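Protein chains: 2
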Amino acid sequence: MKQNTYLSKFRNALKLNNLDAYIQPRSDMYGGEEVPDYDARLKFLSGFTGSAGIAVITLKKAILFTDGRYTLQAKVQLNKSWEIHPLHSNNWIDWVTDHLNAGQNIGFDPWLVTASAFQKLSEQVKIKDIAIKLDKKNLVDQIWINRPKITQKEPVRWKDNYFAVNAKNKVNDLLAEMQLRDLDALIITQPNQVCWLLNIRGNNLKYTPFFLGFLVVEKNGDLNIFSQCDIKYIKGNLRNHLFYKLEQYLSKFKNKNVAINNKNCPSIIYNKLKHISAKVENSFSFLQEKATIKHNKEIQHIRRCHISDGVALANFFYWIENNIKKQKITEYDASEKLKNFRAENKNFICESFPTIAATGSNGAIIHYRPDEKKSKIIDTKKLFLIDSGGQYLNGTTDITRTVAFEKQSSQIINYYTYVLKAHICLAKLVFRKDARGNEIDAITRKALWEQGMDYNHGTGHGVGYCLGVHEFPPTISKTSDSVLMIGQLLSNEPGFYIPRKFGIRLENLILVKKFSNSINNKFFCFETVSFCHFENTLINKDLLDNKEVHWLNDYHEAVFQKLKKFLSQDVRKWLRNKTKKI
Amino acid sequence: MKQNTYLSKFRNALKLNNLDAYIQPRSDMYGGEEVPDYDARLKFLSGFTGSAGIAVITLKKAILFTDGRYTLQAKVQLNKSWEIHPLHSNNWIDWVTDHLNAGQNIGFDPWLVTASAFQKLSEQVKIKDIAIKLDKKNLVDQIWINRPKITQKEPVRWKDNYFAVNAKNKVNDLLAEMQLRDLDALIITQPNQVCWLLNIRGNNLKYTPFFLGFLVVEKNGDLNIFSQCDIKYIKGNLRNHLFYKLEQYLSKFKNKNVAINNKNCPSIIYNKLKHISAKVENSFSFLQEKATIKHNKEIQHIRRCHISDGVALANFFYWIENNIKKQKITEYDASEKLKNFRAENKNFICESFPTIAATGSNGAIIHYRPDEKKSKIIDTKKLFLIDSGGQYLNGTTDITRTVAFEKQSSQIINYYTYVLKAHICLAKLVFRKDARGNEIDAITRKALWEQGMDYNHGTGHGVGYCLGVHEFPPTISKTSDSVLMIGQLLSNEPGFYIPRKFGIRLENLILVKKFSNSINNKFFCFETVSFCHFENTLINKDLLDNKEVHWLNDYHEAVFQKLKKFLSQDVRKWLRNKTKKI
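Chains A and B supply the protein sequences, listed in that same order.
Just so it is clear: in the first sequence, position 183 is 183 by this note's numbering, and no numbers are missing.
Just so it is clear: in the second sequence, position 257 is 257 by this note's numbering, and no numbers are missing.
Derived from the structure by calculation, the hints contain no laboratory data.
Hints may contain errors.
Intra- or inter-copy, both count: the list cannot distinguish identical chains.
Claimed, not checked - In silico EDC-like links for lysine to aspartate or glutamate, alpha-carbon gap of 16 Å or less:
(1) K381 / E321
(2) K513 / E450
(3) K80 / E281
(4) K381 / E406
These numbers come from a predicted model, not from an experiment.
Given these sequences and hints, build the entire structure.
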């Protein structure tokens, strides 16, 4: 069945419900990057599989708002009934306000539109006398044929020794903060915060070990989870309810002080709190920061986890170098092989995102994903870029290398070397602790700018601890004003791309730590935790200064020393050569 | 007469006027950094001479709000009747709201409080039922004994060939923009914009060749100036009125579209426009940017002007090196001597700000200013920092050097070298043209951060063209989000300070220009226009990389080549040695 048939079915549902427009976000009620199949409503309706977007469907138009990363992809995936508009902040609200008329009605699922979007939307449409019809039933669900079954299992148990602080102590710290702020309750709507606080993980998603649920923390210490899981107790003693019961549960907070995060909180929760005259507090950011900080015990796990990951990568690169000229290897084959090497480790759970394995010009497509049936055979003459990661019981990894199987032009070698300079710059950067993400981003790009080069993506994103491979707020990008904190884990991934030609990206993960030479504790620096060699044949030593050469040689020596005892003799010998001093 | 006597007189005036509090800003009605003596009301009332501050005087309290640069100075200058509070944005409004009660009255001079401050103040006090009493007479003026006479002469004429575009064409461009935005009038309240638009300059201030006046531009091309100058016509054909007549003049814009800049516009103008139901537009930023861009002809003048300035500096440093051990030279003597060397140039008008000539620990006081009677004798054993500049018919200069007259410790030499590295980094930086001021600032500081070093001031400020030595919006600092534009002139002035020990600052001016290697015009870089040697005896070559050494040697060669023909034989020989390759 084609998507436009769904659209006409959907418009019938619109009419039946007396609606003139419907808002359907790509995300589920948790607002995350990854959505379970049974909540992939936008994909069902439109065919779009990008990780960010929101659709506005009227009786005449169907618009997909999505960001620059997915414009091309959307054009391929959507049929002609759809228009594709650039998404920035909540600009779909402006479109709705401009294109609807007084007396018309808008509908949406209040579990899917956030409180902040709802606030802006209702302010704007009120001026034009456009009405919002609040109805809990989701219109897409009404026409969704063969919707995947909603299944949510109990969270998987982690041993306590994976965590620096047990859940009880974390909850007590939180309760103390709530008391300081005179809060009666906190409604946590971000699964990474729920997982962090309770030391639990889930297995609903393919790449992210979130347990998907909302958590209500009350000042007396009561904890109630609201999820799609139908068991009564989680981890033995935590009460669990079906998510839709949350609305009714909130009635008890009449006139009370309740904190939410309105950028993430479903509007249904916000509206209920307003309805019962709760005092809604939106600036309680305690968990926002805490949940991204890794403590010593966890950092030790993260270091070990990255050594395991490095072993898989060494085995993979050894295998591909030794086979690429003997047999045809597709991008998809390569990504499967790497997954299998990772899976040899006992702590491995799953990949942390779909592997980007890209030969030649595919490397220039930043969110490329090889298709099992249609992916290209890796061209030994061209650069090969592979960006992948794993979820392990003891951490989350994310690493990119760009390699060559034959001699490359001096221009390609120089491009690679400049990207490496940017990578090294960030790896050994010392920064004032109040430096903002956009400042650190600019410092990293300096070596590229000098050559008139740049890359059209961020330099670094936060990474969870066996949680999301993209964890916020820590971000190093040109729009980031966040400051970094000791114990946060980020990616260091500068790149350079020539569309339709090639892509170069070099990514390790880095931990924020105190700079020891700092007299007054004013400076931070990073520790690189990923261990995988860079491609020496792609490095022009003349373009590196002494300190950069020193960093590279030290790093390569560390790669060899950390990995050697886990490698077979052949691979070890091969890696010794790969990591020799330049 | 002591300041507290003025304060009791002032409180009598408060009572007579039935006021409970009065707001007295440091600035005059133009909001500038430099204020004529006859408008220095805060100085009269309190004794405070800093360049930023605002006083709130109630019947019981007298508070000076000022920023971190002036806290120490204020403590010295103010007597015990005054409290000193840190100033950030408009926090004095919070104080007023918190400390006054319902039914009480606030007064201020509506020419001195800006529209944006007025808007915030009136919103906040309304909630507490505190009243604003609008009265045009200034309360300080009522008690000001021996107030300096208000004198404003006609603007001085500049020859047309100093400007790239004549005033008529600039006005026509402006009128075209106004038409696009459907504006009936624009009220320009920033003197630098008035001077830029009309190609006029004034001589009211000691360091800044502003003609102080407001300009009303009407869509039919009518131009009316409102100033404290009592002549009828300026530059022959521009009508000039006494400033207070502006309020009455605005009556003609009833129901019209009028643009202002409410951060700078006196509240009296804003209130009048509101009163006559004019539609007030606050986002017309055409002049904001245009007035800071120097075009080719002006850039040629700026380059020549900086060579003249470099000649004065070479003569000065030759003189001080040859005399410092023979005679006692005070900081003040040095600043006078430098002024005299500058004055030898026929285009010299005046200094562009009070020279900071600072020996030893005085160098660590960022806004130090040697007093004629009390300044220190320059200690030949210690570092000497001199930050100075000139106003010339063909440009404005601002330059800082830190020099030594005897051998310094290796630690001092290293500190100097790291500051020089930061300076060179910015001088030769290539940056993406949308990079923001805080990003460029961070890049500059990297070499210092690596050593746990930093400086507590911005890296660069805009500089006018025979106008203010501080010109906005271009700024390179940790809080700046402005982007730079081709033709803007900025300072490059990293530093390092150890309080009570020494200060190091190295400052040149740099012009923003296109980076020629940029394929797609996406990158900008700088051209250094200041020419003065750095202190080779304070440079540890081992800490510089090859590119830095190269930059320094090239720069020194340029200094010698540009200045040599204007120097006496002795100074030329001395400079040859000062600029020899390291």
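Against the structure, the hints come out as follows:
{"no.": "1", "hint": "K381 / E321", "in the structure": "within (13 Å within a copy, 64 Å between copies)"}
{"no.": "2", "hint": "K513 / E450", "in the structure": "between (29 Å within a copy, 14 Å between copies)"}
{"no.": "3", "hint": "K80 / E281", "in the structure": "neither (44 Å within a copy, 42 Å between copies)"}
{"no.": "4", "hint": "K381 / E406", "in the structure": "within (6 Å within a copy, 62 Å between copies)"}
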